[in-house]
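Can you build the whole structure from these sequences, using the hints too?
As they're listed, the protein sequences go chains H, F, W and A. Count along the first sequence from 1, then add 2; that gives the number in the numbering used here. Count along the second sequence from 1, then add 2; that gives the number in the numbering used here. Count along the third sequence from 1, then add 276; that gives the number in the numbering used here. Count along the fourth sequence from 1, then add 276; that gives the number in the numbering used here.
Errors might be hidden in some of the hints.
If you want the ones that stay clear, here's a sample from chain H, every Cβ over 12 Å from chain F, calculated [unchecked claim]:
no., residue
1, E34
2, L36
3, S61
4, E63
5, S72
6, E78
7, E116
8, I119
9, K135
10, L143
11, K148
12, R150
13, K162
14, R176
15, H209
The calculated lysine-lysine pairs, modelled on DSS-like cross-linking and capped at a C-alpha distance of 25 Å, are [said to hold, decoys possible]:
no., chain 1, residue 1, chain 2, residue 2
16, A, K472, F, K94
17, H, K76, W, K472
18, W, K472, H, K75
19, W, K409, A, K370
20, H, K58, W, K472
21, A, K281, F, K94
22, W, K472, H, K94
23, H, K77, W, K472
24, A, K472, F, K76
25, H, K94, H, K125
26, F, K77, F, K94
27, H, K162, H, K58
28, H, K94, A, K472
29, W, K423, W, K399
30, W, K370, A, K472
31, W, K409, W, K423
32, H, K162, H, K75
33, H, K125, H, K85
34, F, K125, A, K281
I should point out that these hints are in silico values taken from the structure, not numbers from a laboratory. Quick reminder that beta carbons are idealized off the backbone N, C-alpha and C, glycines included.
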Amino acid sequence: MEDILTLERVSKVYEPNITALDEVSFSVKRGEFLFITGPSGAGKSTLLNLIFRAEKPTSGEIYFEGRPLSSLKKKEVPFFRRKIGFVFQDFKLLENRSVFENVAISLEIQGIGEDEIRRRVLKILERLGLSGKETQPVRQLSGGEKQRVALARAIVNRPKLLLADEPTGNLDSRRTEEVMEIFEDLNAEGTTIILATHDEALYAERHRRVLVLDQGRLLNP
Amino acid sequence: MEDILTLERVSKVYEPNITALDEVSFSVKRGEFLFITGPSGAGKSTLLNLIFRAEKPTSGEIYFEGRPLSSLKKKEVPFFRRKIGFVFQDFKLLENRSVFENVAISLEIQGIGEDEIRRRVLKILERLGLSGKETQPVRQLSGGEKQRVALARAIVNRPKLLLADEPTGNLDSRRTEEVMEIFEDLNAEGTTIILATHDEALYAERHRRVLVLDQGRLLNP
Amino acid sequence: MRFLKRLFLEFRVAAWAYFTATLVIVLGLAVFSFFGLVYSNLNYFTQKVAQELVLNVYLSPRITSKEVKKITSEIKKEPLVAEVRFLPPEEVLKDLERLFEEKELLSGISPDFLPPVLVVSFKDPFRAGKSLKELSLRLEGLPGVFKVQFAQSWLARLANLRRFLEIISLWGLFLVGLTTCFIIGLVVRFSLSQRKEELEVLSLVGATPGFIQGPILVIAVLQGAVASFLALLLVYIVKIYLDRALLDFFPGFQGGLVFWNASQITILISGVVFLCVLGSYWASRRYLRY
Amino acid sequence: MRFLKRLFLEFRVAAWAYFTATLVIVLGLAVFSFFGLVYSNLNYFTQKVAQELVLNVYLSPRITSKEVKKITSEIKKEPLVAEVRFLPPEEVLKDLERLFEEKELLSGISPDFLPPVLVVSFKDPFRAGKSLKELSLRLEGLPGVFKVQFAQSWLARLANLRRFLEIISLWGLFLVGLTTCFIIGLVVRFSLSQRKEELEVLSLVGATPGFIQGPILVIAVLQGAVASFLALLLVYIVKIYLDRALLDFFPGFQGGLVFWNASQITILISGVVFLCVLGSYWASRRYLRY
Ligand SMILES: Nc1ncnc2c1ncn2[C@@H]1O[C@H](COP(=O)(O)OP(=O)(O)OP(=O)(O)O)[C@@H](O)[C@H]1O
Ligand SMILES: Nc1ncnc2c1ncn2[C@@H]1O[C@H](COP(=O)(O)OP(=O)(O)OP(=O)(O)O)[C@@H](O)[C@H]1O
Ligand SMILES: [Mg+2]
Ligand SMILES: [Mg+2]
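Next up, the structure:
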C-alpha cells in the first residue's frame with residue numbers, strides 16, 4: 003500500500019533555543035494505525051500540529067498523499083484540514099456553544115444537509131455516551147465529557163487521517179476501552195490513525211507500530 | 003485524630019435538572035490520603051469544587067476544621083483558600099505569564115519575601131522536572147508541563163489540605179511515579195490529600211481509602 | 277436560509293458585544309453628525325444675516341432718470357450683484373428717520389439736500405465682501421455717482437465671526453470624525469477579540485475564511501446601517517427640538533434648521549458601513565490560523 | 277517596591293489594551309474639552325462684541341450742564357450701567373459724519389439742530405438687553421431727556437445669535453460628555469474583559485480583592501491622569517493654532533482664546549480619573565470569584 007504521509011528530516015525549533023523536534027523522518031501507510039509515545043515534552047503534540055499544518059516546520063518537508071505541505075496555498079489549507087480529524091490535547095472546543103453545535107460544525111462547513119448532520123451527529127454522540135447532553139454548553143461539561151465531544155467532532159466527518167493527541171487522558175478505563183474500539187472500527191473502515199499518548203496500556207497488546215519520541219528525536223524510526 | 007473535613011448530605015443540582023452530587027456524606031481525617039474515583043461525569047470535580055468553595059452546594063453542609071463553609075464571609079474566602087492547594091483538572095494557569103510567576107503567585111499573595119519565594123519556587127520546579135522552563139510563558143508549554151506547573155502552584159505554599167483533580171492525566175508513567183512520590187512525601191509531612199482520578203493504577207496497591215462516586219452518589223461511604 | 281440561521285446564531289452568541297458596540301457607534305456618530313449640522317447651519321445662518329447688508333450708492337442730487345438707468349445697468353453687469361433698487365431722496369429721508377426713530381431729530385434736513393440712492397444687494401455677501409472695496413472704488417468712478425458707502429464694519433465683523441466659527445467647526449468636525457473612526461474601529465476590534473478563540477477553532481476545523489467571516493461581515497453591515505440610522509434619528513430629534521427653541525429667540529425665524537440632505541445621508545451611512553465592515557474584516561482576519 | 281514591580285508587571289501583561297484604551301480616552305476627552313473651549317469662547321466673544329453697543333440718551337438742546345450732571349448721576353444709579361459719557365452736539369455731528377463717512381451729505385445740518393447725547397454703556401449687555409426697554413422708558417421720563425435710542429435690532433440679533441450658539445454648544449457638550457463617559461466606561465470594561473480568566477484564576481488561588489484590584493486601580497488612576505493631560509495638551513495646541521489663525525481675521529484681536537482655568541482643569545482631570553477608577557473597579561469586580 004502507498005504512503006499517505008511522509009516526513010523527511012522535519013525539525014521544529016521554537017525561538018530562541020527550544021528544539022521541539024529534531025530531524026524526524028518516517029512514513030505512514032494508508033490504513034495504518036500508528037502510536038506515537040514518549041515522555042512529557044517529547045514533541046508529540048508538536049509533531050501532530052505540524053502534520054495538521056497548524057504550525058510550519060523550521061526545516062524538512064511533510065508530504066500528505068504525495069504532496070508537500072509547503073506547497074499548500076493559504077486558500078487550500080481549510081480544504082486540506084477537512085481531510086484530517088484532530089483530537090486536540092486541550093480540546094479546542096467552542097466553549098459557549100452546545101455539544102451538538104460543536105460536533106455539527108465540522109459537517110456544516112462542508113455544506114452537508116441539516117437532516118444528514120442531525121442523524122450523524124446524534125449517532126456519534128450516542129456512541130460516545132453523550133446522549134442527553136446535546137443542548138448543554140460545552141463550558142459546563144466535565145473534563146471527560148469535553149474530551150469525548152472533541153473526539154466526536156474529529157471523527158464525525160469520516161476523515162482520511164485521524165490525529166488523536168492524548169484522546170483518553172481524561173477517561174476512565176471503561177470509556178477508554180470504548181474509544182479504542184471506535185478507533186479500531188474506523189481503522190477497519192480505512193481511516194489512517196496516528197495516536198499520540200504516554201499511556202503504555204493503550205498500545206500494549208495491540209501489535210501496532212509504535213514510534214517513540216524523546217526530546218524531539220525519534221528513537222525507533 | 004480529628005476530622006479536618008466533613009460533608010453532610012451535600013447535593014449539587016445544576017439547573018434545570020442535572021444532579022451532579024446527590025446527598026454525599028463522608029469525613030476526612032487530618033493527615034489522610036483519600037482517593038475519589040468514578041467514571042467520567044460522576045461528580046468528582048464538582049465535589050472538589052464544593053470543598054474549595056469555588057461553588058456552593060445546593061443543600062447540605064461542608065465543615066472544614068469544624069467550621070461550616072456556609073458561614074464564611076466573602077472577605078474570608080481568600081484566606082480560607084490559602085489553606086488549601088488545588089490542582090485543577092483544566093489547570094487554570096495564567097497563560098501569558100511565565101512558569102515562575104505562575105508558581106510564585108500563591109506565595110506572593112501571602113506577602114512572603116522575594117528571596118524565600120525564589121528559593122521555594124525553584125526547588126519545587128526542579129523536583130517536577132521543569133528546570134530551564136522558568137521564564138517560558140505557560141501558553142507555550144506542553145500538556146504535561148502545564149499539569150506540573152499547576153501542581154507546583156498548588157503545593158508550593160504547603161497547604162493543610164491538597165485537592166488534586168486528575169493530577170496525572172497528562173503525564174507519562176515515570177512522571178506519574180514521581181508525582182505520587184511527592185504526594186506521599188507531603189502526606190508524610192502532615193498534608194491531608196484528596197485525589198480525584200479515574201486511573202485505577204494510581205490507587206491500586208496503595209492501601210488507601212478509596213471513595214467511589216457514580217452519577218453523583220457515593221457507592222462506599 | 278442556512279446562512280440566516282448562522283447569522284442569527286452569530287448574533288446570539290455575541291449579542292452583548294454587538295449591542296454595546298452599536299451603542300458606542302451610535303453615540304460617536306451622533307456627535308459627529310450633530311457637529312456637521314452645526315457647521316452647515318452656522319454657514320447658512322451667517323449667510324442669511326449678511327444678506328441684509330447692502331451697498332449704498334449715493335448719486336448726485338438732481339440726476340436724470342436716464343442717467344440712473346445707465347448706472348443701474350452698469351452695476352448689474354457686476355457678477356456678484358444680486359439686485360439694484362432705486363431710492364429717491366424722499367425715501368432716503370424716510371430711511372434716515374427710521375434709523376433715528378424720531379422725525380424731529382432730522383427736522384432741519386430737507387430732501388433737496390439729500391441725494392437719491394441705489395441700494396445694491398449681493399448674491400454671496402461674504403465672497404462679495406472681499407472685493408467690495410475694489411467694486412466701490414470702481415463704482416465711484418462712474419459719472420453721476422456721488423459716493424459709495426457700505427456698512428463695512430458690520431460686514432467685516434460678521435464675516436470674521438463666520439470665519440471664526442467655520443475654523444472652529446471644521447476643527448471640531450475633524451477631531452470628532454477622527455475620534456469616531458478610531459472608536460468604531462477599536463470597538464469592532466475589541467468586541468471581536470473577545471471571540472479570538474472561537475475564530476481560531478473554526479479555522480482549525482477546516483472552515484474557509486468566507487464561512488467564518490461571512491456572518492461577521494453581514495452583521496457589520498447591519499450594525500453600521502442601524503447605528504448610523506439611529507444616530508441620524510437622534511440628531512433629527514435634537515434638530516426638531518432646536519427648531520422649536522429657536523422660534524422663541526428669532527421671532528422671524530422660519531423653515532427650521534438645515535438637516536443633512538439625501539446624498540449626504542447616503543454618504544454618511546455607507547461610510548460607516550464601510551468602516552464597520554473593514555474593521556470587522558481586519559479584526560477577524562487576525563484570529564484566523566491558516 | 278514590591279507593589280511597583282507588580283504594577284509594572286500588570287502594565288506589561290496588558291500594555292496594548294491599556295495603550296489603546298488610553299488613546300480612545302484621550303480622543304474622546306479632547307473632543308469634549310475642545311467643545312467646552314468653543315462654548316466658553318463663544319460666550320466671551322459675543323459678550324465682547326456686544327460691549328460695543330450703547331444706549332444713546334438724546335437730551336433737550338441747550339440743556340444746562342448742571343441738569344446734565346443730575347441726569348448722569350441718575351443714570352449711574354442703575355445697577356446695569358457701566359459708564360456714562362457726555363457728547364456735546366458738535367461731537368454728535370462728527371459721529372453722524374463718521375457714520376455717513378462723507379461730510380457733504382450732512383452739510384445742511386447745523387450743530388444747533390442737534391441735541392447733546394449721553395452715551396450709556398453696560399456691564400453685561402445681554403442681561404441688560406432684557407431690561408433695556410424698561411430702562412429706556414424710565415430714562416425718557418426724566419426731565420431734560422428728549423429721546424432714548426439704542427441699536428436694539430443689532431443687539432437683539434447678536435443676542436439671538438448668542439443664544440443659538442449657546443444652545444447648540446450646550447447640546448453638543450452634553451452629547452459629547454455623555455459619549456465620552458460611556459466610551460471611557462466601555463473601553464475600560466472591554467480591556468479588562470480580555471483578562472477575565474486571569475482575574476478569575478487569581479481569585480481562585482487565594483488572592484484578596486485588594487491584591488488583585490490594587491494595581492488595576494492604580495493604573496486606572498495613571499491612565500485617567502495621563503489621558504486627560506494629553507487631551508488637554510492636544511486642545512491647547514489647537515488653541516494656539518487658532519489664536520494665530522484668528523489674528524489674521526480679527527486684526528484687533530488680542531490676548532488669545534480663553535482656555536480652561538486651573539480649577540476647571542482640576543475638575544476635569546479628577547472627573548476622568550474617577551470615571552476610570554470606577555469603571556475599572558466594577559469591571560474587575562465582575563470577574564472575581566468568591
Ligand atoms: N509555542 C511554543 N513555544 C516554545 N516552546 C514550545 C511551544 N510549544 C511547545 N513548546 C515546547 O516544545 C516541547 C515539546 O512540546 P509538545 O507539546 O510537543 O510536547 P508533548 O510531547 O506533546 O508533551 P505532553 O505529553 O506533555 O503533551 C516542550 O518542551 C514545550 O515546552
Ligand atoms: N456548570 C455546570 N452546569 C451544568 N452541568 C454541569 C456543570 N458542571 C458540571 N456539570 C455536570 O455535572 C456532572 C458532573 O461533572 P463533574 O465535572 O463533577 O464530573 P467528573 O466526575 O469530574 O468527570 P470527569 O472525570 O470527566 O472530569 C457532569 O454530567 C457535568 O455535565
Ligand atoms: Mg502534548
Ligand atoms: Mg472532572
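K135/H: least C-beta distance to chain F exceeds 12 Å? At about 9 Å from chain F, K135/H fails to clear the 12 Å cut-off, so the statement is violated.
If I take the minimum Cβ distance from H209/H to any residue of chain F, is it greater than 12 Å? Its Cβ never comes within 12 Å of chain F, the nearest being 20 Å, so this holds.
Run the C-beta distances from S72/H to all of chain F and say if the shortest one exceeds 12 Å. holds, 23 Å
Evaluate the condition: distance from the CB of E63/H to the nearest CB of chain F exceeds 12 Å. Correct as stated: the minimum Cβ-Cβ distance to chain F is 24 Å, above 12 Å.
When you check the alpha-carbon spacing of K77/H and K472/W, does it fall within 25 Å? holds, 20 Å
Mind verifying the non-interface call on K148/H? Its CB should be farther than 12 Å from each CB in chain F. Nearest chain F Cβ is 9 Å from K148/H, so the label is violated.
Tell me if the straight-line CA distance from K409/W to K370/A falls inside 25 Å. holds, 23 Å
Once the closest CB in chain F is found, is it more than 12 Å from E78/H? Given that every Cβ of chain F is farther than 12 Å from that of E78/H, nearest at about 28 Å, it holds.
With the threshold set at 25 Å, check whether the alpha-carbon distance from K76/H to K472/W stays at or below it. Holds, at roughly 19 Å.
With a cut-off of 25 Å on the C-alpha distance, tell me whether K58/H and K472/W pass. Judged against 25 Å, a Cα distance of about 21 Å means the pair holds.
If you draw a straight line from the CA of K94/H to the CA of K125/H, is it 25 Å or shorter? holds, 22 Å
Has the given pair, K472/A with K76/F, been kept, meaning a C-alpha gap of at most 25 Å? Status holds; Cα separation ~19 Å.
Figure legend: structure checked against the earlier numbered hints; hints not met, in rising order: 9, 10, 11, 12, 14, 30.
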